[in-house]
Amino acid sequence: MVDMADYWPVVLCLGLGTFLLRFSFILIVDRVTFPEAVVRMLRFIPASVLPAIIAPAVLLHGADAGPTALARPLAAAVAVLVAWKTRNILVTILGGMGTLWLLRAVL
Amino acid sequence: MNEKRHFFRDGVRDSIPILFGMAPFGLICGAVCVNAGMPEWAAVGFSTIIYAGASQLAAVQLMTDHASLAVVVLTGLVINARFLMYSASLARHLQGIPLARRSILAYMLSDQAYAMAIARYGRADGASVDRPMYFFGAAFTVWLCYLVGAALGASVGAFIPPSWDLGFAIPLTFIAVVVPAIKDRPSALAALTAGTVACLADGLPYNLGLMAGAVTGILAGYLAERRAQHG
Chain A
1 MVDMADYWPV VLCLGLGTFL LRFSFILIVD RVTFPEAVVR MLRFIPASVL PAIIAPAVLL
61 HGADAGPTAL ARPLAAAVAV LVAWKTRNIL VTILGGMGTL WLLRAVL
Chain B
1 MNEKRHFFRD GVRDSIPILF GMAPFGLICG AVCVNAGMPE WAAVGFSTII YAGASQLAAV
61 QLMTDHASLA VVVLTGLVIN ARFLMYSASL ARHLQGIPLA RRSILAYMLS DQAYAMAIAR
121 YGRADGASVD RPMYFFGAAF TVWLCYLVGA ALGASVGAFI PPSWDLGFAI PLTFIAVVVP
181 AIKDRPSALA ALTAGTVACL ADGLPYNLGL MAGAVTGILA GYLAERRAQH G
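Here the protein sequences line up with chains A and B, keeping their order.
Quick note, the first sequence lines up with residues 1 to 107 if you use the numbering used here.
Quick note, the second sequence lines up with residues 1 to 231 if you use the numbering used here.
Everything labelled a hint here was simulated from the structure, so no lab data went into it.
One should not assume that every hint holds.
To be verified - Counterexamples of contact, computed for chain B against chain A with all Cβ distances above 12 Å:
no., residue
1, V12
2, D125
3, S128
4, D130
5, F140
6, L144
7, A151
8, E225
What the hints assert, rightly or not - Restraint-style ranges between C-beta atoms, simulated for each label pair:
no., chain 1, residue 1, chain 2, residue 2, range
9, B, V71, A, A105, 36 to 42 Å
10, B, G96, A, V39, 14 to 20 Å
11, B, Q229, A, L90, 35 to 41 Å
12, A, A37, B, A119, 32 to 38 Å
13, B, E40, A, W101, 26 to 32 Å
14, A, W84, B, G122, 16 to 22 Å
15, A, M4, B, L219, 38 to 44 Å
16, B, E3, A, A63, 49 to 55 Å
No residue lacks a Cβ here, since even glycine has one placed at the ideal position from N, Cα and C.
Here chain A stands alone, though its shape is the one from the complex (with noise of 0.2 Å):
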């Protein structure tokens, strides 16, 4: 359970800070210009990014015990496939949801 003592220390510090992250370079832009290599760079960060938060999601984090171990994994590519097939979001978050509780149910 939660200590509700911590709860505003940690709302304003964490909410500051992301917010400020946020802000950082939005705030200074008009005063900066980036170097040939950070804006070359820049392009790569939605495509690193995003998959070094799905790959520990998909593999390693909540992964089944026992027959229904690869049920996340599959249902995971099931999505990338309606993904790079459909370029649509709601089908491939519904193809891969579909996809994990049919395996669940039949495996």
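For this one, chain A is given, so just place chain B on it according to the hints.
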């Protein structure tokens, strides 16, 4: 003015498909807080003030374990360090608008809004878009949906059976966003490297595995592109 509203509307419209991933995410964040013993107002306040689901979930977990304030806050900030990169990437698109508006847009910056906006700016007709307005449309829609989800989660989330594993909608949402962003060999290499390193480094404290994966992925993509161009 009418023209600007049109770009706001485009941002709203384009982000509607994302909401089906965002609503469960908000729902889970709200439900987890209530489950951990917070009153409903506190669960909604958590999502409103911090507005970064992954760090909120980590914070609730650590608070339940009675970790120190420094550990809870630092872990959350490390998870959210990606916003620093998003901020750097978006900044030049949001130039020249008043400070107050920039701070509102910064507060509403999310993974989803960032991905939507960058994808739109990168399309062939991207130069004609009112970039701050489009971003506002997308970010506001995601923000509203997340908070409605959090409020619902705080009130009904406790009744959702755990066997549905709704949390899996989170990586699925990220998959739906990232796959279209992988357009060539360097970006594919970046994604593969990032995912592999993040898994290998998963045991690192303070969720540093996420940052390690992201940084090596960016470097791999950058070097691969440079090599392709310089032969």
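Check each numbered hint from earlier against the structure, then list the numbers of those it violates in ascending order. Structure breaks hints 8, 12.
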